[in-house]
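J.: Quick mapping for you: the protein sequence lines, in order, are chains A and B.
Under our numbering, read the first sequence as residues 455 to 809, first letter to last.
Under our numbering, read the second sequence as residues 455 to 809, first letter to last.
One or more hints might be untrue.
[Said to hold, decoys possible] In silico contact screen, one side only, chain B against chain A (beta carbon under 10 Å); selected entries:
(1) L470
(2) V503
(3) H536
(4) Y753
(5) M756
[Said to hold, decoys possible] Derived PhoX-like pairs: lysine-lysine, alpha-carbon spacing no greater than 25 Å straight-line:
(6) A:K615 x B:K805
(7) A:K764 x A:K496
(8) A:K805 x B:K614
[Claimed, not checked] A short list of chain A residues far from chain B (calculated; beta carbon distances all over 10 Å):
(9) P500
(10) H536
(11) L558
(12) D560
(13) Y566
(14) I568
(15) W571
(16) A574
(17) M629
(18) G660
(19) G685
(20) A758
(21) K764
(22) S775
(23) A799
Keep in mind the hints are simulated off the structure, nothing from the lab.
Keep in mind the model is a prediction, meaning the values are calculated, not measured.
Glycine is no exception: its CB is placed at the ideal position from the N, C-alpha and C atoms.
Protein chains: 2
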Amino acid sequence: MTKTLSAGRFRGLMTLADDRGVFKMLAVDQRPPIFKALAKHKQRQPSEVRYDEVAAVKTLLTRILAPETSAILIDPVWTHPHALAYIPGRVGLLSTLEDYSFKLHDGERWSYPIPDWSVAKIKRSGAAAVKVLAWDRPDVRQDTREHQDAFVREVGAACKKHDIPYVLELLIYPMPGEEDDSFAYAKAKPQLVLDSVRHYADDSFGADLLKLEFPVNLKYCREFAGGAFDGKARAPAYTLAETREFLAELNELSHVPWVLLSAGVGPSEFALNLDLAFAAGASGFLAGRAVWMEALDAYPDMEAVEAALKTQAVPYLRQISALADKALPWTSHHAFGGQPKLEAASEQWLKDYLA
Amino acid sequence: MTKTLSAGRFRGLMTLADDRGVFKMLAVDQRPPIFKALAKHKQRQPSEVRYDEVAAVKTLLTRILAPETSAILIDPVWTHPHALAYIPGRVGLLSTLEDYSFKLHDGERWSYPIPDWSVAKIKRSGAAAVKVLAWDRPDVRQDTREHQDAFVREVGAACKKHDIPYVLELLIYPMPGEEDDSFAYAKAKPQLVLDSVRHYADDSFGADLLKLEFPVNLKYCREFAGGAFDGKARAPAYTLAETREFLAELNELSHVPWVLLSAGVGPSEFALNLDLAFAAGASGFLAGRAVWMEALDAYPDMEAVEAALKTQAVPYLRQISALADKALPWTSHHAFGGQPKLEAASEQWLKDYLA
Chain A
455 MTKTLSAGRF RGLMTLADDR GVFKMLAVDQ RPPIFKALAK HKQRQPSEVR YDEVAAVKTL
515 LTRILAPETS AILIDPVWTH PHALAYIPGR VGLLSTLEDY SFKLHDGERW SYPIPDWSVA
575 KIKRSGAAAV KVLAWDRPDV RQDTREHQDA FVREVGAACK KHDIPYVLEL LIYPMPGEED
635 DSFAYAKAKP QLVLDSVRHY ADDSFGADLL KLEFPVNLKY CREFAGGAFD GKARAPAYTL
695 AETREFLAEL NELSHVPWVL LSAGVGPSEF ALNLDLAFAA GASGFLAGRA VWMEALDAYP
755 DMEAVEAALK TQAVPYLRQI SALADKALPW TSHHAFGGQP KLEAASEQWL KDYLA
Chain B
455 MTKTLSAGRF RGLMTLADDR GVFKMLAVDQ RPPIFKALAK HKQRQPSEVR YDEVAAVKTL
515 LTRILAPETS AILIDPVWTH PHALAYIPGR VGLLSTLEDY SFKLHDGERW SYPIPDWSVA
575 KIKRSGAAAV KVLAWDRPDV RQDTREHQDA FVREVGAACK KHDIPYVLEL LIYPMPGEED
635 DSFAYAKAKP QLVLDSVRHY ADDSFGADLL KLEFPVNLKY CREFAGGAFD GKARAPAYTL
695 AETREFLAEL NELSHVPWVL LSAGVGPSEF ALNLDLAFAA GASGFLAGRA VWMEALDAYP
755 DMEAVEAALK TQAVPYLRQI SALADKALPW TSHHAFGGQP KLEAASEQWL KDYLA
């Protein structure tokens, strides 16, 4: 069945994309990864990093990088109050809803909204889209499944109410005893990712755009397992041809346009991820650490961080933006059967459009 | 006192301006002028022009011209349902609230919102700003004054509630017996315009950006009264030096940034208006007929209209956009005392920001 779009979601999605309909988006809403990066260089605990340090770094990232993007994803606590004036009007604005401190229930992750933040506040503040990261494992207990599903679904209902696009990010995670950088986890990853997309692709969750991780760990892909990205050799878990098949399946499963996230992989691996994802039908990227993490090595020398952003992160953003010129415009996604149509494209729509 | 801006209004204003903070905006929300233009070329009454004809023309204007602007002002009836997909995401979106058919009470104009349209619906639909045209005469009866003031103030309150910028357009008009193109009306115009700005510049009306007409009729300005714009000589009502003084006073009176509207003057006169307005402190333009009206001479030959838009209107938009590079960025307006500040630029703002 062909999807139609309501006025606010149609316009909102357009403001996130470039003129061709491709998303070239940057995330600066990370919290623990930034806390860790700033702590590392002063040999502190992440919890010892001060609010104003994080705000200053996020403001710097925004000021230097936002002009290079089609949209930027910010958090409301550290970024919004300080960096808003540095986001050009032509650059779309996404705001994060989920709190970074999920709750662990025997190793399973339960997500919650940021205190005092809501879809209604995001809409009111002028952001064009709501982003939610939902931690997911297809093999969680029933109570975890119900909690996560209810969280994702409630946000979807609120986004419909306020007619704002819902960007749903899905991330799988290792259970206790599983090791992220292991053959077993790498081998299991494609099915975990695909099952997660299959589950949340149900229309009842209300997502308008999926932010997805690359479904394989390329470090365990036979063609790169010799240590192509970090010099460390690993046993191959799949081939590049199989990787393309996983991506094709993911693209089929995604009931709405999707973009790739960078999930902490390095710049060269992410560029390869993108190349493969675009060939499979991704409509762009929403990238964070792959773009700016290396520049934070210079912290606390903020001038050196700024210099690194300008000489490394900006050219890298331009490089992956050029790759994205091969991406599928979101308006051409199979869900729309040609091109997206407004839910009500007639003289009478004002009557039926409620507020 | 220095003005601060709430999150939604700050972001909304940014999305309307270019990277420097200058508004290069196009209006296609006109209704009677379009009805008249389409009727003229088929020798009909404006009321005989069909809905689909107007929608097609407005969609064409949007498709060809929106990419050349920093923002576009549309109406919700003829433009929105058909042209939304042609507005690039990087281009800001304003929606018109006032109905075109004001009511006449003994020659005095009373304004009303479009039926079934509201600030809440504009916000929900993803537009970045609300535009209202308030017809004004400083010399109206008390009942007219109260009606117009209540209308303007209610919209201001709704814009605050939904945290969306309020673009208030002020237009004076001839009373019965007054002739628009007359020495007497031209002579009276500067004080009528200035008094109107003085009145609505009160903070209680809640405007965030004023859309103002040029305070003199340049055809009656001594330096151009020989017929510079239309070949018709007129008695001079003021000098260019006096015109500059009127503009300086208007700029002082405007308690928020302001842009110039084109009000049906031709392209060369509007370019001169802009030059003088930018020198006085205007932050850009929100222009309509001066840009695209000549192209409608080719109606009903839509291919010829499109060709005229591309060969005349686009170059003209680029010309006045280049002029606007001398305009004052809205963020430098005297109301903000240097640069605008967010109402709440702290970690705690989420708590106080209600929705």
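J.: Now tell me, hint by hint, if it's right for this structure.
T.: Hint by hint, here is what the structure shows:
1. At about 6 Å, the closest approach between the beta carbon of L470 of chain B and any beta carbon in chain A falls short of 10 Å, and the interface hint on this residue holds.
2. Interface restraint check: V503 of chain B against chain A, minimum CB-CB distance 14 Å, threshold 10 Å, status violated.
3. Interface hint at H536 of chain B: satisfied, since its Cβ lies 6 Å from the closest Cβ of chain A, which is below the 10 Å cut-off.
4. With its C-beta approaching chain A no nearer than about 20 Å, Y753 of chain B sits outside the 10 Å limit, and its interface hint is violated.
5. The restraint placing M756 of chain B at the interface with chain A is violated, with a minimum CB-CB distance near 19 Å, outside the 10 Å limit.
6. As the CA atoms of K615 of chain A and K805 of chain B are separated by approximately 22 Å, the hinted pair is consistent with the 25 Å bound.
7. Taking the CA atoms of K764 of chain A and K496 of chain A, the gap is about 23 Å. The hint holds against a cut of 25 Å.
8. Among the hinted pairs, K805 of chain A with K614 of chain B is consistent with the structure: their alpha-carbon atoms are about 24 Å apart, no more than 25 Å.
9. Even its closest Cβ contact with chain B, about 17 Å, leaves P500 of chain A beyond 10 Å, as expected for a residue assigned away from the interface.
10. Separation of H536 of chain A from chain B is inadequate, the least Cβ-Cβ distance of about 6 Å not exceeding the 10 Å criterion.
11. The claim that L558 of chain A lies off the interface holds: its Cβ sits roughly 25 Å from the closest Cβ of chain B, which is beyond the 10 Å cut-off.
12. Separation of D560 of chain A from chain B is adequate, the least Cβ-Cβ distance of about 31 Å exceeding the 10 Å criterion.
13. Against chain B, the non-interface label of Y566 of chain A holds: every CB pair exceeds 10 Å, the least being about 14 Å.
14. Residue placement check: I568 of chain A does not keep its beta carbon more than 10 Å from all beta carbons of chain B (closest about 7 Å).
15. Consistency note on W571 of chain A: stated as away from chain B, yet its beta-carbon is not over 10 Å from all of that chain's, at 5 Å minimum.
16. Remark: the non-interface label on A574 of chain A conflicts with the geometry, its nearest Cβ contact in chain B lying 4 Å away (cut-off 10 Å).
17. Look at M629 of chain A: its CB is around 33 Å from the nearest CB on chain B, clear of 10 Å, so calling it non-interface holds up.
18. Look at G660 of chain A: its CB is around 16 Å from the nearest CB on chain B, clear of 10 Å, so calling it non-interface holds up.
19. Distance check on G685 of chain A: its Cβ is at least 41 Å (rounded) from any Cβ of chain B, clearing the 10 Å threshold; non-interface status holds.
20. Chain B leaves A758 of chain A outside its interface by the beta-carbon criterion, the shortest separation being 26 Å against a cut-off of 10 Å.
21. Interface exclusion of K764 of chain A from chain B stands, the closest Cβ pair being 17 Å apart, more than 10 Å.
22. No Cβ of chain B approaches the Cβ of S775 of chain A within 10 Å, the least distance being about 14 Å, so the stated non-interface status holds.
23. Once the 10 Å rule is applied to beta carbons, A799 of chain A is inconsistent with being away from chain B; the minimum gap is 4 Å.
Hint check: violations occur at hints 2, 4, 5, 10, 14, 15, 16 and 23; the rest are consistent with the structure.
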